[in-house]
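K.L.:
Chains as they are written, first to last, in the working numbering: chain B, 1 to 578; chain W, 1 to 102.
Since the hints were made in silico from the structure, they are not lab data. Errors might be hidden in some of the hints.
Which chain B residues face chain W? A few, computed with CB under 7 Å, are given here [said to hold, decoys possible]: (1) His-106; (2) Ile-112; (3) Glu-114; (4) Glu-117; (5) Tyr-118; (6) Leu-120; (7) Asp-121; (8) Gly-122; (9) Leu-123; (10) Ile-125; (11) Arg-126; (12) Tyr-129.
Derived lysine to aspartate or glutamate pairs resembling DMTMM-like cross-links, with alpha carbons at most 25 Å apart [as the list claims (entries may be wrong)]: (13) W:Lys-34 x B:Glu-113; (14) B:Lys-369 x B:Asp-266; (15) B:Lys-98 x B:Glu-237; (16) B:Lys-171 x W:Asp-51; (17) B:Lys-98 x W:Glu-60; (18) W:Lys-34 x W:Asp-62; (19) B:Lys-369 x B:Asp-358; (20) B:Lys-171 x W:Glu-60; (21) W:Lys-90 x B:Asp-108; (22) W:Lys-34 x B:Glu-114; (23) B:Lys-93 x B:Glu-79; (24) B:Lys-518 x B:Glu-532; (25) W:Lys-42 x B:Glu-114; (26) B:Lys-98 x W:Asp-62; (27) W:Lys-90 x B:Glu-111; (28) W:Lys-73 x B:Glu-111; (29) B:Lys-93 x B:Glu-78; (30) B:Lys-171 x B:Glu-97; (31) W:Lys-73 x B:Glu-117; (32) W:Lys-12 x B:Glu-113; (33) W:Lys-34 x B:Glu-111.
Idealized CB from N, CA, C, for every residue including glycine.
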Amino acid sequence: MPPSPKKTAPSLPRLRKTPTGITGLDEITGGGLPTGRPSLICGAAGCGKTLLSLEFIVRGATAYDEPGVFVAFEEKAEELALNVASLGFDLLKLQKEKKIRVDYVHIDRSEIEETGEYDLDGLFIRLGYAIDSIGAKRVVLDTIENLFTGLSNQAILRAELRRLFGWLKEKGVTAIITGERGDGSLTRQGLEEYVSDCVILLDNRIANQISTRLLRIVKYRGSLHGTNEYPFLIDAEGISVLPVTSLLLDHDVSTKRISSGVPALDDMLGGKGFYRGSSVLISGTAGTGKTSLAAIFANETCVRGERCIYFAFEESPMQIIRNMKSIGIDMKRHLDSGLLEMHASRPTLFGLEMHLVDIHKKVTRFRPKAVILDPITNLVTVGSVSEVKSMLIRLIDFLQAEGITVLFTALALNTIVSEQTDEGVSSLVDAWLLVRDIESNGERNRGLYIMKSRGMKHSNQVREFVITDEGLDLVDVYLGPDGVLTGSARDAQQISEATGRILRTHALSQKDVEIGRKRKVLESKVASLHAEFESLQDELNRSYIEEDLRKEVMEQNRREQTAGRQHKNTGNGKSKSK
Amino acid sequence: MAKAKASKKEYKWELRLYVAGNTPKSVAALTNLKRYCEEHMKDQYIIEVIDLLVQPQLAEGDQILAVPTLVRKVPVPIRKIIGDLSNEEKVLVGLNIRPVKM
Numbered sequence: 001m002p003p004s005p006k007k008t009a010p011s012l013p014r015l016r017k018t019p020t021g022i023t024g025l026d027e028i029t030g031g032g033l034p035t036g037r038p039s040l041i042c043g044a045a046g047c048g049k050t051l052l053s054l055e056f057i058v059r060g061a062t063a064y065d066e067p068g069v070f071v072a073f074e075e076k077a078e079e080l081a082l083n084v085a086s087l088g089f090d091l092l093k094l095q096k097e098k099k100i101r102v103d104y105v106h107i108d109r110s111e112i113e114e115t116g117e118y119d120l121d122g123l124f125i126r127l128g129y130a131i132d133s134i135g136a137k138r139v140v141l142d143t144i145e146n147l148f149t150g151l152s153n154q155a156i157l158r159a160e161l162r163r164l165f166g167w168l169k170e171k172g173v174t175a176i177i178t179g180e181r182g183d184g185s186l187t188r189q190g191l192e193e194y195v196s197d198c199v200i201l202l203d204n205r206i207a208n209q210i211s212t213r214l215l216r217i218v219k220y221r222g223s224l225h226g227t228n229e230y231p232f233l234i235d236a237e238g239i240s241v242l243p244v245t246s247l248l249l250d251h252d253v254s255t256k257r258i259s260s261g262v263p264a265l266d267d268m269l270g271g272k273g274f275y276r277g278s279s280v281l282i283s284g285t286a287g288t289g290k291t292s293l294a295a296i297f298a299n300e301t302c303v304r305g306e307r308c309i310y311f312a313f314e315e316s317p318m319q320i321i322r323n324m325k326s327i328g329i330d331m332k333r334h335l336d337s338g339l340l341e342m343h344a345s346r347p348t349l350f351g352l353e354m355h356l357v358d359i360h361k362k363v364t365r366f367r368p369k370a371v372i373l374d375p376i377t378n379l380v381t382v383g384s385v386s387e388v389k390s391m392l393i394r395l396i397d398f399l400q401a402e403g404i405t406v407l408f409t410a411l412a413l414n415t416i417v418s419e420q421t422d423e424g425v426s427s428l429v430d431a432w433l434l435v436r437d438i439e440s441n442g443e444r445n446r447g448l449y450i451m452k453s454r455g456m457k458h459s460n461q462v463r464e465f466v467i468t469d470e471g472l473d474l475v476d477v478y479l480g481p482d483g484v485l486t487g488s489a490r491d492a493q494q495i496s497e498a499t500g501r502i503l504r505t506h507a508l509s510q511k512d513v514e515i516g517r518k519r520k521v522l523e524s525k526v527a528s529l530h531a532e533f534e535s536l537q538d539e540l541n542r543s544y545i546e547e548d549l550r551k552e553v554m555e556q557n558r559r560e561q562t563a564g565r566q567h568k569n570t571g572n573g574k575s576k577s578k
Numbered sequence: 001m002a003k004a005k006a007s008k009k010e011y012k013w014e015l016r017l018y019v020a021g022n023t024p025k026s027v028a029a030l031t032n033l034k035r036y037c038e039e040h041m042k043d044q045y046i047i048e049v050i051d052l053l054v055q056p057q058l059a060e061g062d063q064i065l066a067v068p069t070l071v072r073k074v075p076v077p078i079r080k081i082i083g084d085l086s087n088e089e090k091v092l093v094g095l096n097i098r099p100v101k102m
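Looking at chain B on its own, in the form it has when it is part of the complex:
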């Protein structure tokens, strides 16, 4: 969106603008068309010039209370009224209320002969009369180039056109002139020479058999404006132009977390789930359960009491509801309660930009908290990869600015999981879940892992993704010496592990008994050795005691003998021992 001209110094006189009332156009032009000046809308046949200018008149009359004159050079007033009735514009009623005036100017060369000098005062007078009769502020001339087919004197015509635009400016009406696109120039008759204030180019481009309407402001004198090509949509409510390219990455972010609907998946995402307002991509090969994951997320959003829009590009809503019922998810009740909206369309229904506009409109109207696109892969059939990417960038930008969580599913055509997805959006998204087939032992199982998840702790493990009657669940895969095992191989491995465990316990208990026995044997051995040692010690002790005793006794004896000898020697009166 272009910066508002209000940012200029307030003291300077600013270009006054007349709001068109056309959704989005006023945003691109920064307020509308230049007031009191003619603007040129050009484009090839069938690109919506008449409709855009007519909507300018009708919105002016209904929304801004500015009466308008529509001068039709191509269609009769009745035809015009009939043509736009499908858009809900009641021209006849507005004409009766004197809010608008449709003036049909018929030019037929076969009826007209030119001789000599003339001027277009007749047209001026008609226009002036029409403007004055209802006090018109807005005028549309559609398509004034028809004058060139009816009148042959180019010199007079060009001079008169210049006078006409000058006269319109004098009248102070905001005018739209439409012009058919010419070769190499904006309009066939070079009207852009005369209308130099604001030129808007409409285009209808066809790529891959799908047409996209585009609008571009070629110039806007005295005003800032968006310079890109903006897609626009003509539907039951008129024209909507979308300035959906946001160049700034300045949207607020939320730190709140929301559940993915699968508790085990939340566990993998740090236990809390995705960030609110983030973008999530689920990619995987066909039949891996991407839609189921998406539907569960939608279901969870509705269970929380929040709104959700589901855009399905592959299946019809009824089909999704039926299929989800088989895994125990009742989406019908959310549809009935109005929390869930499902829109199914084939991607080839219209161009990418149109899808974007369509999503934009529906989101703006329904104000959901979550949006699901399932799958984005199919959009590639409508545009090239880079176009899809740029569309998704804009979509993500828009949704993130609104704080809406968006979940895409994408079909990975190749099985090399490390590759980027085909749409190249994997770098744009905040969280990327990958669901892949794990094929082994004659069966196919689903493995899920998180490729990335910005700003949160997440599991690096591959989980087996099981779809049951009760919903989705994630099971730890068996990471054994033989590699990753899933499905029945995992079951078998688990059983054999359990068996092994029992056997091992058994073996262990036997060993315990054995050890007990050994201990007993050894213990008894220890006891007997102990006893032997004691007896040996006893013996040694006894010999010691005996020795001592003997010594003592001998000492005793010797002393006694000595004592006895002394007695005997008393008669000699003399002792030898002394």
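Chain W: place on chain B using the hints.
P.N.:
Frame of chain B; chain W shown alone:
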């Protein structure tokens, strides 16, 4: 400007000249027209002059864009000749009058 001739009589040619004010072109056109009529269809025509500045609402009916415009109402089909009518040949052919001169 007023009606040049007015009568209840049926005329072979009913002509209507639209002008915007009294411009030289309008005057020239009316003079030229009167001259041709007197010359080629005397007493068989009626000319009605409408000034769009006075009656702007009449411009829509005959789909007038340019002035001066001469509209041949009768005989049908309606023909329009725009310009100051200076080319006699073209005017006479446009009015479907066989020139008496030839």
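K.L.:
Against this structure, judge whether each hint is valid.
P.N.:
Do the hints match the structure? See the list:
no.: 1; hint: His-106; verdict: holds (4 Å)
no.: 2; hint: Ile-112; verdict: holds (5 Å)
no.: 3; hint: Glu-114; verdict: holds (5 Å)
no.: 4; hint: Glu-117; verdict: holds (5 Å)
no.: 5; hint: Tyr-118; verdict: holds (4 Å)
no.: 6; hint: Leu-120; verdict: holds (5 Å)
no.: 7; hint: Asp-121; verdict: holds (4 Å)
no.: 8; hint: Gly-122; verdict: holds (4 Å)
no.: 9; hint: Leu-123; verdict: holds (5 Å)
no.: 10; hint: Ile-125; verdict: holds (4 Å)
no.: 11; hint: Arg-126; verdict: holds (4 Å)
no.: 12; hint: Tyr-129; verdict: holds (4 Å)
no.: 13; hint: W:Lys-34 x B:Glu-113; verdict: holds (18 Å)
no.: 14; hint: B:Lys-369 x B:Asp-266; verdict: holds (18 Å)
no.: 15; hint: B:Lys-98 x B:Glu-237; verdict: holds (23 Å)
no.: 16; hint: B:Lys-171 x W:Asp-51; verdict: holds (22 Å)
no.: 17; hint: B:Lys-98 x W:Glu-60; verdict: holds (17 Å)
no.: 18; hint: W:Lys-34 x W:Asp-62; verdict: holds (21 Å)
no.: 19; hint: B:Lys-369 x B:Asp-358; verdict: holds (17 Å)
no.: 20; hint: B:Lys-171 x W:Glu-60; verdict: holds (20 Å)
no.: 21; hint: W:Lys-90 x B:Asp-108; verdict: holds (17 Å)
no.: 22; hint: W:Lys-34 x B:Glu-114; verdict: holds (18 Å)
no.: 23; hint: B:Lys-93 x B:Glu-79; verdict: holds (15 Å)
no.: 24; hint: B:Lys-518 x B:Glu-532; verdict: holds (21 Å)
no.: 25; hint: W:Lys-42 x B:Glu-114; verdict: holds (24 Å)
no.: 26; hint: B:Lys-98 x W:Asp-62; verdict: holds (22 Å)
no.: 27; hint: W:Lys-90 x B:Glu-111; verdict: holds (13 Å)
no.: 28; hint: W:Lys-73 x B:Glu-111; verdict: holds (12 Å)
no.: 29; hint: B:Lys-93 x B:Glu-78; verdict: holds (12 Å)
no.: 30; hint: B:Lys-171 x B:Glu-97; verdict: holds (23 Å)
no.: 31; hint: W:Lys-73 x B:Glu-117; verdict: holds (22 Å)
no.: 32; hint: W:Lys-12 x B:Glu-113; verdict: holds (20 Å)
no.: 33; hint: W:Lys-34 x B:Glu-111; verdict: holds (21 Å)
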